[in-house]
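Engineer: Residue-level listing of the chains:
Number of protein chains: 2
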Amino acid sequence: MEGEKVVVVGAGPVGSLAALYAAARGATVNIYELRNDLRNEETTPLNFTKSINLALSERGINALRSACNTDLLDKILDRTIPMHGRMIHFRTATGALSQQSQAYDVHGRFQRSVDRGELNKVLLDHLGSLPNVNFFFQHKMTGADFRKKKAWFEVMDKNSTSPSGRAKEIEVSFDLCIGADGAHSATRHHMMKYARMDYQQEYIDCLWCEFKMPPSKAGDFAISPNHLHIWPAGSFMFIALPNLDKSFVCTLFGPVELFFKLENGSDPDLVSMFDKYFPGVTTYIPPADLVAQFTRNPHLPLINIKCSPHHFGDSVVIVGDAANAMVPFYGQGMNAGLESVRVLFSKLDSTPNRAEALTSYTAERAEDAHVIADLALANYTEMRSSVTSPLYKWRKWIEERLDKYVPSWGWATQYSRVSFSNMRYSDVIKKSKSQKRILTVLFLAAAAAGVAMPVAGVWWWLVLGTRFRQHQKAFNLTRT
Amino acid sequence: MEGEKVVVVGAGPVGSLAALYAAARGATVNIYELRNDLRNEETTPLNFTKSINLALSERGINALRSACNTDLLDKILDRTIPMHGRMIHFRTATGALSQQSQAYDVHGRFQRSVDRGELNKVLLDHLGSLPNVNFFFQHKMTGADFRKKKAWFEVMDKNSTSPSGRAKEIEVSFDLCIGADGAHSATRHHMMKYARMDYQQEYIDCLWCEFKMPPSKAGDFAISPNHLHIWPAGSFMFIALPNLDKSFVCTLFGPVELFFKLENGSDPDLVSMFDKYFPGVTTYIPPADLVAQFTRNPHLPLINIKCSPHHFGDSVVIVGDAANAMVPFYGQGMNAGLESVRVLFSKLDSTPNRAEALTSYTAERAEDAHVIADLALANYTEMRSSVTSPLYKWRKWIEERLDKYVPSWGWATQYSRVSFSNMRYSDVIKKSKSQKRILTVLFLAAAAAGVAMPVAGVWWWLVLGTRFRQHQKAFNLTRT
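Chains C and H supply the protein sequences, listed in that same order.
Quick note: the first sequence uses the UniProt record's numbering, first residue 1, plus one each step.
Quick note: the second sequence uses the UniProt record's numbering, first residue 1, plus one each step.
Since the list gives no way to pick one copy over another, a pair counts as held whenever it fits inside one copy or between any two copies.
Below, in silico cross-link-like pairs of lysine-lysine (DSS-like), each with a Cα-Cα straight-line distance of 25 Å or less:
no., residue 1, residue 2
1, Lys306, Lys193
2, Lys140, Lys168
3, Lys140, Lys121
4, Lys193, Lys140
5, Lys5, Lys140
6, Lys276, Lys212
7, Lys5, Lys150
8, Lys433, Lys393
9, Lys150, Lys140
10, Lys150, Lys168
11, Lys168, Lys193
12, Lys5, Lys149
Derived from the structure by calculation, the hints contain no laboratory data.
This is chain C alone, in the form it adopts within the complex:
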């Protein structure tokens, strides 16, 4: 990659990391981003591209680790807050507020709550210090010829319109284009004109709205800072992730019908819905503020995207949400995105032929991407309802005991393999299936034993007991 020209489309966390990897390999890296440089924004509006908190875990950290020096990685991790488990909030049978902590991992490994914007800024600052990296903000991709390795960008800055009154368009050539421009990727859109891409997008029946929970009056976190808080309500839920400023970023997730009802209902209806299903929340977010936030903040959809291939020829490849947007319920969106960059460069490093490297990247990554997208969808059910089910807790308990006390068996929960290992997502699924089969066999064996033991007892009493009594009788006879 030494001396080559790499174009990265999108300057979010995934695009920034891709630029870091390419720059470390000696390429000249030009980053084109539709939006402004978020470091220059004076205010940070409640906009999901800047303010949302995400879970950063092993895969993301591992991908960062390969590209960042220790100082940079420490700088990033210092801005995260450890979350050791879920805190499930509920009301007891008597109506009292209660909460239950469910640790993420028996070995003490944890998720980290991170502000997407903060992480992004650290990476951009570092990129800005590199001599072979250039930024082009407010540049919108308008076209690409991936055979000729050219792309076109419209300069969005209002000062740069041409005399004809239309925005200036520039032509850019490259050796490799990396599309990290999110779920509505322009790179993917133009790549689809070249690659015969199987593509699927699906809006799930769920909207989300963000809320901010302020620090307590004493200036501390209103609720435990080291948990991801969940108020499960069956078909919907409310969650909260801690911020460094001791506030929480909270999200209401629910079906379109619920949002429609709330949007068209009265303010007291909204507050009483919260009091009924999310006990305690209105203590931390005052009712008037809750209503104001629900009214002001956007109600946004969730999209699930799968596609294949993730590349065309030797000229373009898509990473992160552009290739694999998923719902947020496994906390893996950004982690999978950062990991895709690591996997991409491992292929580029090990395979000299660029087209072969990209083919091999698609072969591995498309499979894993489809798996994590499905897991993330399935986890929505887990978070909003299964977490309270005894069967769910029982299985989690058994698996955690096996993990902790028989480490030689290599047992682990699916959650810990996804969140705290770098095992391929597709292998995680295979392992989980095999563990499930073993657990079923053990369970059946236990059930069989449960039936066999009383039978053995009765048999013993009938057969051995009779013989014993005969012996005893004989003995008694001989004694008499």
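Go by the hints and put chain H onto chain C.
Structural biologist: Okay, now just chain H, sitting in the frame of chain C:
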């Protein structure tokens, strides 16, 4: 729709028909088409947008019938060639060439082979004679705001570039925009920014290449003009549809691997492959010509597209391939496209509220569109292999007898309901499933009878026969 401004994107057969429907309702109709006016093309290159032959059947004709006067419809039908059935070409066990005709319908209903370009020209000519219809050829849709009911088009004509050297862009406003711009629809692309659209595109493992089979030396059709000819070869096939000029438009369909092998093999390899699997073809298309056509003509993919919704708000709706591109194996692509226009306007006519009419259109049409897309995929297997299976022929024979001799039962084959009726595709599937269940019961009853009869026979022989013999014996005894 009287006095409203309707923009139709795409001037193919489906777009032209939509324009006819809108014009008949008093709208001012502006048709924007990316390509040139095909009526002005001096040469008709072998380009699938102009030269392909398609099957026109009841749904297509019915949709045309509602918008065209008798003269116009006759003009269209006069340019079609009836195909009464499939002609299956094969080699017998002794290696002799053979063919077998399979009629499409016991009531004599038939498919019609039509040149897409010819049909298109007739419709465009008629539209051109209407005062409230305007054409804008070489106009490429570059953007749309479906809330403000505006769209932008770039004028592609080389003479109309602005002084800045870039193509002129015009802004168009409308009351309703109808996107009939094909599988790679720009209307759909821009609509997806507004509607939360579930969307799926899939390239099937099949490429196609077109061939022309010239008339015989005597100037007649080389093979029967009233059939759709099929050379089934298991995983691939060759087909031929008749043209008015006594030639045939033929297509090779096969997996990507086969094309790769043929593209990289020698010319004699190609010819011997044809001789082995498509017996007789090289008699009608001389080997040198066959090789030349395979080399010259593009090898194109097949895409399957499903999406929902097909509209946004009250401002835009997509029809035909833009909403529902399917593989060509049921001969329903254009028929379904034309039918979608008829269904759309039936909703617009019956529901005064535009947004409700479009919602009702999506609800009905998305379901039917998904069904016919799946049926078309399944028919690929039928055409290239099942047509030669005895079980297939047996079921077809039984169902046709039931249709012909017990018309009161309302029995019909799935094929005839799809091709020769206007029943909703989703209802066709329901009917077929119910018929399949009945056939299975009948078959099991027949099988049970087949078992019961010999048993009854043996019983009769054993019991009645014994009694009879006893009687006879007694009789004999009394005689003696």
